[in-house]
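These protein sequences, in sequence, are chains A and B.
Final position of the first sequence in the working numbering is 112; the numbers increase by one with none missing.
Final position of the second sequence in the working numbering is 223; the numbers increase by one with none missing.
Please keep in mind that the hints were generated in silico from the structure rather than gathered at the bench.
Just so it is clear, CB atoms sit at the ideal spot from N, CA and C, and this is done for glycine as well.
A few of these clues could be false.
Where chain B lies over chain A, by a calculated footprint (3+ residues, C-beta under 8 Å) [said to hold, decoys possible]:
| id | segment |
| --- | --- |
| 1 | 31-42 |
| 2 | 45-57 |
| 3 | 98-112 |
Label pairs and their calculated CB-CB ranges [as the list claims (entries may be wrong)]:
| id | chain 1 | residue 1 | chain 2 | residue 2 | range |
| --- | --- | --- | --- | --- | --- |
| 4 | A | A39 | B | P120 | 15 to 21 Å |
| 5 | A | E52 | B | N130 | 43 to 49 Å |
| 6 | B | P120 | A | H10 | 43 to 49 Å |
As a list, the in silico DSS-like pairs of lysine-lysine whose alpha-carbon atoms are at most 25 Å apart [to be verified]:
| id | chain 1 | residue 1 | chain 2 | residue 2 |
| --- | --- | --- | --- | --- |
| 7 | B | K154 | A | K22 |
| 8 | A | K41 | B | K113 |
| 9 | A | K36 | B | K113 |
| 10 | A | K18 | A | K53 |
| 11 | B | K113 | A | K19 |
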Amino acid sequence: DTEVTQTPKHLVMGMTNKKSLKCEQHMGHRAMYWYKQKAKKPPELMFVYSYEKLSINESVPSRFSPECPNSSLLNLHLHALQPEDSALYLCASSQFGTDEAFFGQGTRLTVV
Amino acid sequence: KQEVTQIPAALSVPEGENLVLNCSFTDSAIYNLQWFRQDPGKGLTSLLLIQSSQREQTSGRLNASLDKSSGRSTLYIAASQPGDSATYLCAGDNYGQNFVFGPGTRLSVLP
Chain A
1 DTEVTQTPKH
11 LVMGMTNKKS
21 LKCEQHMGHR
31 AMYWYKQKAK
41 KPPELMFVYS
51 YEKLSINESV
61 PSRFSPECPN
71 SSLLNLHLHA
81 LQPEDSALYL
91 CASSQFGTDE
101 AFFGQGTRLT
111 VV
Chain B
113 KQEVTQIPAA
123 LSVPEGENLV
133 LNCSFTDSAI
143 YNLQWFRQDP
153 GKGLTSLLLI
163 QSSQREQTSG
173 RLNASLDKSS
183 GRSTLYIAAS
193 QPGDSATYLC
203 AGDNYGQNFV
213 FGPGTRLSVL
223 P
């Protein structure tokens with residue numbers, strides 16, 4: 001099983017809302033990632049968790065708050081987002097840092 | 113920081129042609145390079161991973177090569193099909209910590 005599952009698939013939220021994106025993998029991978037992808041652009045790294053600890057934060061605004069409750073789950077908590085935060089949010093996992101990475105189908109987020 | 117570029121940005125070919133997609137990276141001390149496919153509005157599908165100790169990998173009609181000394185990787189697609197139409201992304205590791213993506217090549221295979 002090489003599946004990374006993301007929920008929800010689509011999310012529309014107002015600028016005052018609080019929502020969360022979820023990501024789950026059961027491959028025993030110890031590195032998990034959040035990427036943001038704008039239309040016709042490549043994915044850009046936001047956060048990396050290694051062994052359930054935040055190892056990389058690419059200067060992401062504090063309105064994005066990651067959480068790794070256990071080795072299989074990764075959350076991204078959203079609060080007070082801006083319309084420019086509308087994008088495809090992708091979760092990925094790998095055994096270690098640069099082993100083969102597997103991506104979920106993404107959450108299409110629209111901020112209104 | 114690792115930087116990755118890809119050429120061409122877009123490519124349109126008739127069905128059945130063999131084609132080559134190119135990827136360049138700045139840090140030759142690369143550990144791994146991975147090729148992905150992305151359909152519109154979808155996530156990324158892993159195609160091939162080439163580790164630094166390897167020169168190439170093959171999967172079906174796909175063959176990827178890695179030349180660390182020149183900072184290049186190529187993805188060869190044999191006998192292209194309309195179902196191959198997608199954006200192809202290469203990603204090189206950033207000092208062994210995570211992958212950095214190129215801008216992608218948008219491929220259209222015409223029936």
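Here is what the structure says about each hint:
1. 31-42: Contact hint for the segment 31-42 of chain A vs chain B: holds, 3 residues under 8 Å.
2. 45-57: holds (count 4)
3. 98-112: Answer holds; 10 residues pass the 8 Å Cβ test.
4. A:A39 to B:P120: 15 to 21 Å: Because 19 Å falls inside the window, the suggested range holds.
5. A:E52 to B:N130: 43 to 49 Å: holds (45 Å)
6. B:P120 to A:H10: 43 to 49 Å: Given a distance of about 32 Å, which is not inside 43 to 49 Å, the answer is violated.
7. B:K154 to A:K22: holds (16 Å)
8. A:K41 to B:K113: holds (18 Å)
9. A:K36 to B:K113: Holds. K36 (chain A) to K113 (chain B) sits at ~18 Å (cutoff 25 Å).
10. A:K18 to A:K53: Holds - the C-alpha atoms of K53 (chain A) and K18 (chain A) are around 23 Å apart, at most 25 Å.
11. B:K113 to A:K19: Given that 25 Å is the threshold and the Cα spacing comes to 32 Å, the pair is violated.
Going through the hint list in order, the structure does not satisfy hints 6, 11.
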